[in-house]
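Chemist: Sequence:
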Amino acid sequence: MSKAEVWMGYLPSFYHGIREMKAIANAEGAELEKLDERLVDLIDQYYPETATWALSRYEQDLSIPVNPSKPLEQRRSVVISKMRGSGKVSASMLKNVAQAYERGSIEVSVQPAEYKVTIHFRDTLGIPPNLSDLQSAIEAIKPAHMAVDYALRYLTIAEVEGMTVEQLSATTQDRLLGGGA
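Going from the sequence shown to our numbering is simple: count from 1 and add 95.
Quick caveat, the hints were computed from the structure, so don't treat them as lab data. Not one of these hints is a red herring.
If you anchor each label on the Cβ, the simulated ranges turn out as follows:
#  : residue 1 : residue 2 : range
1  : Leu134    : Val255    : 47 to 53 Å
2  : Gln155    : Glu128    : 29 to 35 Å
3  : Arg114    : Asn162    : 50 to 56 Å
4  : Asn121    : Leu247    : 56 to 62 Å
5  : Glu128    : Glu254    : 48 to 54 Å
6  : Ser97     : Tyr141    : 24 to 30 Å
7  : Glu234    : Val255    : 29 to 35 Å
8  : Met116    : Ser158    : 51 to 57 Å
9  : Val255    : Ser187    : 33 to 39 Å
10 : Ser264    : Ser200    : 25 to 31 Å
11 : Ser200    : Tyr110    : 57 to 63 Å
12 : Lys183    : Leu134    : 37 to 43 Å
13 : Tyr142    : Tyr249    : 30 to 36 Å
BS3-like cross-link-like pairs, simulated, lysine-lysine; straight-line CA separation at most 30 Å:
#  : residue 1 : residue 2
14 : Lys190    : Lys211
15 : Lys165    : Lys129
16 : Lys237    : Lys211
17 : Lys237    : Lys190
18 : Lys183    : Lys211
19 : Lys190    : Lys165
20 : Lys117    : Lys129
21 : Lys165    : Lys237
22 : Lys98     : Lys129
23 : Lys117    : Lys98
24 : Lys237    : Lys183
Glycine included, every Cβ here is placed at the ideal spot set by N, Cα and C.
I would like the entire structure built from these sequences, with the hints used as guidance.
Modeler: Dropping the structure here:
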């Protein structure tokens, strides 16, 4: 049901047959549709997961360099990570921050005796597109004495041998160890 029909529904029934009222309702309905779209867009800006034009505001507030040339998803990841990355540093906090950058499964293990944290990418093949942003975020929140290793996942020989010709032709080189730039 259009906004014009809803608007007409609020009026007494004797207005429904008047041509001028229908014209007014159609004009007002179009404006109400635009207003509704703008309100939905505005509400989307309140959450970094859905923000578009307000991302630069989040970035400024969080002291993140604004780079409009980056894809929105990567910029959102940086903002969400920065918002999550405050407080006492723990493996779960590092995982929470890393998960903001990566949609796949991530495992974070801490080896306190070796002063090392390892972030394992379980589902993502090859180098994630915003790995440098993740590295910067982790570097900003981890204790200075801890080293961080990133364990990336590539296709194994067994996985490649089990692929069909169509699957192989659709596989990009960066998913293979030593492939891609």
